[in-house]
Amino acid sequence: MGKKKLMKGNEALAEAMIRAGCDAYFGYPITPQSEVIEYLSREATNRTGMVVLQAESEVAAINMIYGSAACGRRVMTTSSSPGISLMQEGLSYIAAAELPCLVANINRGGPGLGTIQPSQGDYFQATKGGGHGDYHLIVLAPSSVQEMVDYTLLGFELSEKYRCPTMLLADGAIGQMMEKVELYDQMPRKTEFPDWATTGKPKNSDRRIITSLFIQPEKMEQINLGLQRKYREIEKNEVRFQTINTDDAEYIFTGFGLGARICTKAMESGRAKGYKIGVIRPQTLYPFPVDIYSELSKKVKGILDVEMNAGQMVDDVRLAVKGNTRVEFYGRMGGIIPTPDEILENFEKIFLK
Amino acid sequence: MTQEAIFSGFGGQGVLTMGMLLGYAGIIEDKEVTWMPSYGPEMRGGTANCITIISDTYISSPIISTFDTVMALNQPSVDKFEEKVKKGGNIIYDSTNILTVPTRKDINIYAVPGSETAVRLKNSKVLNMIMLGSFLKVNPIVKIETIWKALEQVLPERYHNLIPLNQEAFNTGMELIAK
Amino acid sequence: MADEDKDFLFSDICVEENLVYRKPGTLTETELHYCPGCGHGVAHKLLMEVVDEMGIQNETIGVAPVGCSVFAYHYLNVDMQEAAHGRACAVATGVKRVQPDKYVFTYQGDGDLAAIGTAETIHAANRGENFLIVFINNGVYGMTSGQMAPTTLPGMITTTSPFGSDTKTQGHPLKISNLVASLPGVAYVTRQSVHKPANVRKAKKAFQKAFEYQKKGLGTCLVEIVSSCPSNWKLTPLESNKFLEDKMIPYYPLGDLKVPEGK
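For the protein sequence lines, the chains are A, B and C, in the order given.
So in the working numbering, spot 1 of the first sequence is number 18, and the numbers just go up one at a time.
So in the working numbering, spot 63 of the second sequence is number 94, and the numbers just go up one at a time.
So in the working numbering, spot 185 of the third sequence is number 319, and the numbers just go up one at a time.
If we strip away everything but chain A, and leave its shape as in the complex, we get:
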């Protein structure tokens, strides 16, 4: 491990990508994440020979990802909300063709052109599929610059293990802020590629075909069942979450990414006032940590879910809790970040008055 550095979230992400032995990045600039392609354009090719290409659009970028991922390479793209919407077609094809790749969404406020300020409004899009058809991305939610680094490597590994496109769902604030990070050492780029990769037909075996087209409904249903089996496997093996002060908690604050850290600060202030509050922070949004909510819902008086949107993850919390306890929501939209005091005030108003 290298020494600790102060780095911006977007630049740490780019550096982590290079060090993870990434083979290719295809992207299109969009605020608030253009630092990623700028950093890569300066640093990547000279250091590792990695391909860095500014595509003509997000539509083209995600299809370049499709092409290079299908050659068995470790590949990544990044964008922000409007650009991620343009990538949904490609992501559906990538999910169906079972290609590994990593996509980071540095979420900004929407809908529409919206604002360049931070938001978590793309939770539904990220966790419920996003494009057409029954599929999922594995979704990781970094809450710090350090996790931007760690989840980049984890994201590559999970996507390759399950041949499932993986998304880092961060927000503009995490992309723009600076924090202390520890980077892993440079990893070598791959020299051997999986059997399914289209690297040229082997002399003594069949050609490889990467496709998502299965005209026969019976065949297409089998493809879907295969995907669903994979998702059940991912749900069984890959749930990640963090709990803070839940042992004696009477109330739970929950949120993801930056929202979870603000909740933690609000929890600290609440504890100082004598409220027994704990925090649940999902680190994987898909698969969602259903069991921890279900377990704690039997012990607590209520859960306050805080998000930078109109209330999206709260649906999954409610499904997990199955009515065992009261689940309330507080959120801000349009690029506004709720403050810890605001959260605590609303907690008092909702649960204690």
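Don't read these hints as lab results, they were simulated from the structure.
A virtual CB, placed ideally from N, CA and C, is assigned to each residue, including glycine.
Any given hint could be a false lead.
Claimed, not checked - Computed list of lysine-lysine pairs in PhoX-like fashion (alpha-carbon distance at most 20 Å, straight line):
#, chain 1, residue 1, chain 2, residue 2
1, A, K218, C, K157
2, C, K236, A, K218
3, A, K21, B, K180
What the hints assert, rightly or not - Not everything, but these chain C residues come out facing chain A in the computed CB check (under 7 Å):
#, residue
4, E193
5, I195
6, N211
7, V212
8, E216
9, A218
10, A224
11, T227
12, G228
13, V229
14, R231
15, Q233
16, K236
Using the hints provided, position chains B and C relative to the given structure of chain A.
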């Protein structure tokens, strides 16, 4: 020890750099650091700010409601953030630029004629270093030498000839608090 | 015909000394699904004969489109990727950039390449991506059964121009190969047909040149095949050939639009 501060002013006054330099110094002393900028078009002339937190322990949130210290380089920043200073906390402001001054009785108020001093030093660009000197005098959260080390890291080598000027500005800023 | 008669005929005629033509190993045994009189089958065969003759089957990756040739990977016996509609040139960019030593081609129709995929086509060509774009232009949407294409001729009747395509409201036929030829990163653009033996030979020559230029790293090559679609033109294969000669080729004249310097 934890210092939760916000640096706020017009884009171009160097408020983001001020917080960033403090952040780099914090890392050199192996402290925990978060630096959260406002970003976007306001960087080009509007009001910009950055929340900078330096701590000996884990920092839960980079977003906070109230501040130990508010550094205000323009009027909108005083108007917006005076009420966000914690009881017993500090507001340091550029008295050359600000007409409606802070009035709270439960906080420490430091009027620093930063812009005027910068003109006297014949370089308006050192305003942020003057004010950072004042900040460090009020909040000795990192050692002065560490700021110089941070400056060496942040400034590209070709600008290292400017370090003495920045040091002079910084020291002047410290003295402005001493008076 | 009884089975034993058939067996008799095959064993009698299909013997090595009578062999005048063998399907190259670069084509699979799968029967083509294309309609009688369609140009796809000939274009597939020519492309794959060139791959076979150059001995590059194990170094070639193809990208299939959405359109009639969506199932091209059933027939072309090389590693293949199926792209989203219009995105073949972006997909091929991804393939070629991570494997610059491999041979890469896309195989696209007029809707895929010249309507929904115009941006991907033009920008890949403008970057001079070092791969071959095979463009089959039959002036109509074949797979979705006969709607208007960006290459549909003025006055031509299709299911979405039932009164004849009107340039005032429906635009002019797009000569995308001419657009591509105007870009500096492009090495070679040619327009051919496969409706007569002489044209078939010329088209094969064009594929050969394109792969050779790719080997030399000269930049993007585009081979347009002006082709016929009897099913959606509502003509017999013979009538289609006549329509091709009388109407299509005058608007889309055959020949080289751009050749590498010094060639």
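The hints, checked one at a time:
{"no.": "1", "hint": "A:K218 x C:K157", "result": "holds, 18 Å"}
{"no.": "2", "hint": "C:K236 x A:K218", "result": "holds, 11 Å"}
{"no.": "3", "hint": "A:K21 x B:K180", "result": "holds, 15 Å"}
{"no.": "4", "hint": "E193", "result": "holds, 5 Å"}
{"no.": "5", "hint": "I195", "result": "holds, 5 Å"}
{"no.": "6", "hint": "N211", "result": "holds, 6 Å"}
{"no.": "7", "hint": "V212", "result": "holds, 5 Å"}
{"no.": "8", "hint": "E216", "result": "holds, 4 Å"}
{"no.": "9", "hint": "A218", "result": "holds, 5 Å"}
{"no.": "10", "hint": "A224", "result": "holds, 4 Å"}
{"no.": "11", "hint": "T227", "result": "holds, 5 Å"}
{"no.": "12", "hint": "G228", "result": "holds, 3 Å"}
{"no.": "13", "hint": "V229", "result": "holds, 4 Å"}
{"no.": "14", "hint": "R231", "result": "holds, 5 Å"}
{"no.": "15", "hint": "Q233", "result": "holds, 6 Å"}
{"no.": "16", "hint": "K236", "result": "holds, 6 Å"}
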